[in-house]
Every structure is written in structure tokens, then in C-alpha cells.
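Engineer: Sequence:
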Amino acid sequence: PVETVLDDIPALALTEPEARMLSRGQGVPVLPVASRSPFKNISQGDVVCAMAGGRLVALAKIMGGEIRPFRVMNF
201 PVETVLDDIP ALALTEPEAR MLSRGQGVPV LPVASRSPFK NISQGDVVCA
251 MAGGRLVALA KIMGGEIRPF RVMNF
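Using my numbering, read the sequence shown as starting at 201 and increasing by one per residue.
In case anyone wonders, no lab produced these hints; they're calculated from the structure. Accuracy of the hints is not assured; some may be wrong.
Claimed, not checked - For each label pair, taking beta carbons as the anchor points, the in silico distance ranges come out as:
#, residue 1, residue 2, range
1, 274, 243, 15 to 21 Å
2, 241, 274, 16 to 22 Å
3, 263, 213, 15 to 21 Å
4, 224, 254, 27 to 33 Å
5, 238, 274, 24 to 30 Å
6, 273, 246, 28 to 34 Å
7, 226, 253, 16 to 22 Å
8, 244, 213, 18 to 24 Å
9, 241, 206, 17 to 23 Å
10, 261, 235, 14 to 20 Å
11, 270, 241, 27 to 33 Å
Just so you know, even glycine gets a beta-carbon here, dropped at the ideal spot from N, CA and C.
Generate coordinates for the entire structure from the input sequences, incorporating the hints supplied.
Structural biologist: If you want it as C-alpha cells, here you go:
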């Protein structure tokens with residue numbers, strides 16, 4: 201699976217509503233998502249794997265207090 205190639209990139213767990221937002225190209229506020237994540241040192245410009253239900257939703261960057269998708273997975 202593609203997730204194994206990306207295992208060095210921090211993964212953030214999204215709720216299904218957050219995952220739908222990212223899959224539509226919308227940003228998601230980073231604070232609620234980061235509070236559920238074991239990665240506490242996420243900062244501006246970092247690349248993250250946005251995950252929901254064990255599947256990769258998008259590759260995203262932390263920008264302006266949001267998780268902004270730059271590559272959305274459609275599978």
C-alpha cells in the first residue's frame with residue numbers, strides 16, 4: 201500500500217467530516233486534529249499524511265493554521 205512508502209511523514213487522524221473537507225480541496229483547522237495526534241511538534245510548512253479510517257485521504261501542508269491538501273487520493 202502507498203502508506204508504507206510514506207511512513208516517514210507524520211500521519212494525522214481525521215474524522216470523516218474533516219476527510220470529506222480535505223477530499224474537496226478545503227482546508228481543515230489544525231488545532232482539533234493535532235490535539236488527537238501523537239505528533240505534537242507539527243509546525244507551519246510541515247507535510248503530513250491526512251488519514252481517516254485507516255486510509256490515506258491526502259498529502260497536505262500545515263499553512264496558516266489549517267491543514268491544506270496538495271495531493272488528494274481518489275481511491
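Engineer: Any hints this thing doesn't respect? Which numbers, in order?
Structural biologist: 1, 2, 4, 6 and 11
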